[in-house]
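Peer 1: Work the whole structure out from these sequences, hints included.
One letter stands for each residue in the lines below.
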Amino acid sequence: MKKFLVVLCLGVMFLVSSVLYAAPVEIRYIYWGNTEELQFREDMIKIFEQKHPDIKVIREGNPPAEYDRKLTAQLTAGNAADVINMCNDWWGQRGRQGAFADLTPFVKKDKLDLMKLFWSFPIKSMQSPGILEGLPYILKTQALFYNKKLFEEAGLAYPNDNWTWDNFLEAAIKLTKGEGAQKQYGVVGFPTINAAWMFGGDVTSSNMKLVVANNPKTLKGIQFLTDLIFKYKVMPTRAEFQAMGTGVRFSTGKGGMMIDYSWSIAWLQQAMHDPWDVVQLPMDPATKKRYPECRADGLAIYSQSKNKDTAWELVKAFATDLDIQKYIAKNEGIPALKSIALSPEHLNTFKEGFKPYNKKAFVDAVSYAKLQPFGGYYNELGTAWTREMDLVLLGKESPEEALKKFQTVGNDILKRLTK
Amino acid sequence: MKRRIIQVIFGYLLLIPFAILFLIPFLWSISTALKPLNQAFLFPPQWIPKPVMWENFVKGWKAAPFGRFFLNTTIITVLAVLGTVLSSSIVAYGFARLESFDKNILFILLLSTMMLPGQVTMIPIYILFKNLGWLNTFLPLIVPSWFGGGAFNIFLFRQFFLTIPKEFDDAAKVDGAGYFTIFWRIILPLSKPVLITITIFSIIYHWNDFLNPLIYLDKLEKFTIAIGLRYFQDNYQATYINLMMAVSLIALLPILILFLVAQRFFIKGIVLSGLKG
Amino acid sequence: MHKKKIFSRESVYFHFFISPWFLGFLIFTLWPIIQSIYISSTDWEMQLNVAPKFIGMANYKNLLFNDELFWISLKNTFYYAFGSVPLGLILALILALLLNQKLRGITIFRTIFYLPSVISGVAVALLWVWIFNPQFGIVNAILAKLGLPTPGWLTDPAWAMPALIIMSLWGVGGSMLIFLAGLQGIPTEFYEAAEIDGAKLWAKFRYITLPMLSPTIFFNLVMGIIGSFQIFTNVYIMTSGGPGTATLVYVLYLFQNAFLYFKMGYASAMAWILFVIILTLTLLVIKSSAFWVYYETEVKR
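Residue numbers (the numbering used here), protein chains in the order written: chain A, 10 to 428; chain B, -3 to 273; chain C, 616 to 916.
Each statement offered as a hint is correct.
FRET-style restraints, in silico, Cβ to Cβ: (1) 364/A x 4/B: 54 to 64 Å; (2) 100/B x 816/C: 43 to 53 Å; (3) 810/C x 100/B: 35 to 45 Å; (4) 20/A x 173/B: 51 to 61 Å; (5) 357/A x 46/B: 32 to 42 Å; (6) 825/C x 100/B: 26 to 36 Å; (7) 64/B x 11/A: 48 to 58 Å; (8) 23/B x 875/C: 35 to 45 Å; (9) 377/A x 67/B: 40 to 50 Å; (10) 377/A x 676/C: 48 to 58 Å; (11) 54/B x 364/A: 20 to 30 Å; (12) 4/B x 811/C: 22 to 32 Å; (13) 100/B x 709/C: 34 to 44 Å.
In silico SDA-like pairs for lysine to any residue, Cα to Cα no more than 20 Å straight-line: (14) 819/C x 3/B; (15) 218/A x 138/A; (16) 99/B x 631/C.
Hints listed in this document are in silico derivations from the structure and should not be mistaken for laboratory results. Glycine included, C-beta positions come from ideal geometry on N, C-alpha and C.
Peer 2: So, in structure tokens, the structure goes:
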């Protein structure tokens, strides 16, 4: 009898202790990253794990070139990671065919006032009808980069936030000099989508059901871009770009200005020879409006995940945890949390080894931001756009023809995709 | 005598340009690895970096968990090579020393598998491993090597074993040795050149393997060096080319050292196994 | 000589010794081959809960008649093979001849030539991307210094494949060594006899060296063909098949179909067609070898 009681007691103790001792819950997180981004995510995950010792994050960090394939493989096989790194230009749940769970119930449960915490643009761009797909944690916007030394040499005042495209063109002309391989160009980077938008034009309708590229405002913008290359000769041709790209031209002092993204900052800090800075994109002289592109990286939860509640903790932390957001502000880029992004600490302190620059330009851009329509599900549309724009920039097609052709081809694609 | 001098001069004269051509990629990558980033994109390109950034090797190594990647690659390579050498030599011994009614057919079968492109079986093997639950482990990268280690290796071993006089076997048999003992105690020790050759070939193959780790591994902590180097390739326009070169050189180092140390045996092994015929 | 009885003791041991390979053959070769034939006749795309549907030869038909990229990838692969294999063999032979001299420090040269062929993979591919950079790479820098035109290499559809072929030449060390072994196996008596008859350098090469080397050439040729048709890693890392489709080689396209689009059936069909092509070419070379390959036994006769 005594033996039986002893065994019973031991058994109960064992049961109780195994209930009390919760083995950490594991969640898988799949993300992309080059060597720098890998480190950023690692640090962010570490901060999270320190605050949640009961959760273990399995890192599935992939080289950027492999991410899409890996994620599609996992989704196809039905065993995707619990937390998925995503970008707001992945356009709706249809972008990943029902891959993401709706975050709205989680947001409600934790009483997050999204519109107060974040800018409306990133949030809205992560919604598809009735479903919130992700919470943003970092924002990436555009600005106008300029080479201070070249401006001084040309006797020009630096650009400012009141610039219009007329000012821009004027400066570009004055900044272009020389010939041949060593020619200095006024403009060495100008994405075609910015050209399409610059005078208020659009490429697609806001509900992504129609391509509307063939309209006067879009045409005016593309014409401006081609004029930069062929009429004013202040921007390299497509062929010249293939030999030496935007980043390299700018960093070796062969370009006065470029429209580029906030993710180029880290690289420029190391690679740039001359002093430089950024301002907001120039405005349309008629309407005084500007249209920078904005992307937001965020976390989504796999719709078939078996650990949705735990996964939500990571999603929430990346987006709203003050320590993680401050880390992003200090090291990587613009944090999604408005309070941190607008804080003097973010705007005025710089990463160790960085030279100061006008961070505010990037932050201000979020208010005017636009979303490019070519991501995720609509990749095919992007390919068609690039094809036509390549021809225009090579001088083989006029902007009118290109836009007309793109509208026809694009609408066919959209009809098929939105069936 | 004069003829000899002309021959010698001519000989070097022809060799040196080729040697320079072959060395240039190495030298260029060393030069780039030691540059600060703002010198990597200079035109015209410069050879000597100033200052010489030895820290690029450290920075590059730290840029991704390369310590982990090296460990993973080493584990996989060691286990796979062990399997290859052991199993291919055992199988080759069978083909070289033992008789059977179906030996010729099986040997022809063996040879014909050398012509099969890996892609034919790649997909079903992937599915097999998936069904076994071996995805995201090292097993798909190691286990197949233990099953014969590749037809080519079996072939090389067999060719070499055939050159060992049968008298050695017979002497041992008289002393009562069984087939396995003969294999282990007589044949293998006599096969040092080909053993070293195949070991080295095998190490090189597994160390540099990119495709198999690519499709079988998911978790960051399991990645190999080959995948790790991919992190340096960006979607963006410019990469940290100097760090990339630095780590690439570190990744090449083990193979380089291995080769330099073992090349004598290595080349003898190829010759002795009668590859030329 | 033991009599070949069906279940002789020796036969049992034979099967025991070759069992690792035989098992491996069954599991990793034969069964996958059968499966692969089956898969290639379905439309399987690895979706969950969707059984593959038998569609007969439809995959093969689509590949051959409806898929432009199939033919492009085949053309590119032939371009690569017919560029890199002959050039590679010639270079390997030249280097082997140079290495066959009795000079001091010849092993250093041998190391320099052989080393590139043992280091392969991602590191080397990244290195060559940089070397071929049109603006900052060493190739164009040298060309520019010599006053020659500087093509766009990997950024130019017309020059991307030549770039890959040139890169393959850096790795001829393997076949070079095999040629060297072959050269060193030619009895010097032949050359001495020819000298006595007054033969010059070229005659010696043509009538002694080449014929004696023909088995080696044969071996390197077959290996070269088999290898060049399966080129993948370099293209995957360096160009992803671009620019456009200029370097879309067969195995890359196969990989894309299998692991990017998950059209497993389609990709399996591609694998089989590849096998047939390689087999055909190899058999052609083997058949033709009767005309130009001299084995020592024949010469002695």
